[in-house]
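Starting from the given sequences, assemble the full structure and let the hints guide the process.
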Amino acid sequence: MNANDLRPGMVIKHNNDLYSIHKAEHRTPGNLRAFVQARMRNLRTGSLVDHRFRSEDNVERAILDETEMQFLYADGDTLYLMNTSSYEQTHLPKDVIGDRALFLVPDVMLKVVFFEGRPVDVELPATVDLKVVETEPGMKGASATNVMKPAKLETGLIVQVPPFIGEGETIRVDTAEGSYLERAG
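Position one of the sequence shown corresponds to residue 1 (this note's numbering), numbered consecutively onward.
With a cut-off of at most 30 Å between alpha-carbon atoms, the simulated DSS-like pairs for lysine-lysine come out as follows:
id, residue 1, residue 2
1, 111, 152
2, 13, 94
3, 152, 131
4, 94, 23
5, 111, 94
6, 131, 111
7, 152, 94
8, 13, 23
9, 131, 149
10, 94, 131
11, 23, 111
12, 13, 111
Here are the computed distance ranges between Cβ atoms for each label pair:
id, residue 1, residue 2, range
13, 17, 177, 23 to 29 Å
14, 50, 95, 22 to 28 Å
15, 82, 177, 23 to 29 Å
16, 5, 88, 33 to 39 Å
17, 183, 107, 17 to 23 Å
18, 63, 168, 42 to 48 Å
19, 126, 167, 23 to 29 Å
20, 167, 37, 45 to 51 Å
21, 129, 13, 33 to 39 Å
22, 31, 70, 55 to 61 Å
Think of the hints as simulated: they come from the structure by calculation, not from any bench. Idealized CB from N, CA, C, for every residue including glycine.
Here's what the structure looks like:
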């Protein structure tokens, strides 16, 4: 595939790694040759990189499989998941998901992305409900201000919550930002 055809959301193989394209701009500066400036995320390390492809460069598009899976439990550096259609259990190293493992509680549904039969990325749901296990007591009447306090959640994640949230309550957390959204039912 030609570098001019790169679009956000595509996954390519580049320098023996998989990259997800976040942004691709075709540029033709003055009297120089045209190029494609791409911002992409390395699926193995999670780091964002900028790369300049010449217009005539060819890139290899990666064929990926997505499978809906249910998180069962974590044991050390291994996560155990179950395919919801075949009920087949599988495991993957915690480093595939990295810090996003702090959003995992049993029974949460995930999309696991496979390349050539091995997991390369995990897509979390937009929100997860987590229980507050440790936080400072709230002050009476503090709901009129927008002051926040730290709260440690059941997975070890620490988020800023409003003063009226207490220990034992369940809150909804945005997985993209890692921030408090609301009380959960």
